[in-house]
Amino acid sequence: LGAEEKGLRRLTRETCDVLARLSMHGAVSSLNVSVAAGVCLYEARRQRTSRVALQTPA
Numbered sequence: 001l002g003a004e005e006k007g008l009r010r011l012t013r014e015t016c017d018v019l020a021r022l023s024m025h026g027a028v029s030s031l032n033v034s035v036a037a038g039v040c041l042y043e044a045r046r047q048r049t050s051r052v053a054l055q056t057p058a
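Be aware that the sequence shown starts at 1, since it is given in this note's numbering, and climbs by one per residue.
Be a bit skeptical, because a hint or two may be false.
[Stated by the list, open to error] Distance ranges between label pairs, derived from CB positions:
| # | residue 1 | residue 2 | range |
| --- | --- | --- | --- |
| 1 | Thr15 | Thr49 | 26 to 34 Å |
| 2 | Val52 | Gly7 | 30 to 38 Å |
| 3 | Ala37 | Thr15 | 17 to 25 Å |
Everything labelled a hint here was simulated from the structure, so no lab data went into it. Backbone N, C-alpha and C define an ideal beta-carbon position, used for all residues, glycine too.
Generate the whole structure from the sequences, applying the supplied hints.
Dropping the structure here:
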């Protein structure tokens, strides 16, 4: 989670396994770091839960 204008430093980006971007639409131009982290954690949990539900036999 980097600075609004510049994002993560190059060396930091190079050590990351995965990079993600939260696209902003509408009147909001940025999110504070706690909200951005919450969005990322929610989406990760949603995807994992969906995957488990697909693998569970009925």
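Checked hints:
1. Distance hint check: the CB atoms of Thr15 and Thr49 are about 29 Å apart, consistent with the given range 26 to 34 Å.
2. A C-beta distance of roughly 32 Å is found between Val52 and Gly7, which places it inside the suggested range of 30 to 38 Å.
3. Against the hinted window of 17 to 25 Å, the Cβ-Cβ separation of Ala37 and Thr15 comes to about 18 Å, which satisfies the hint.
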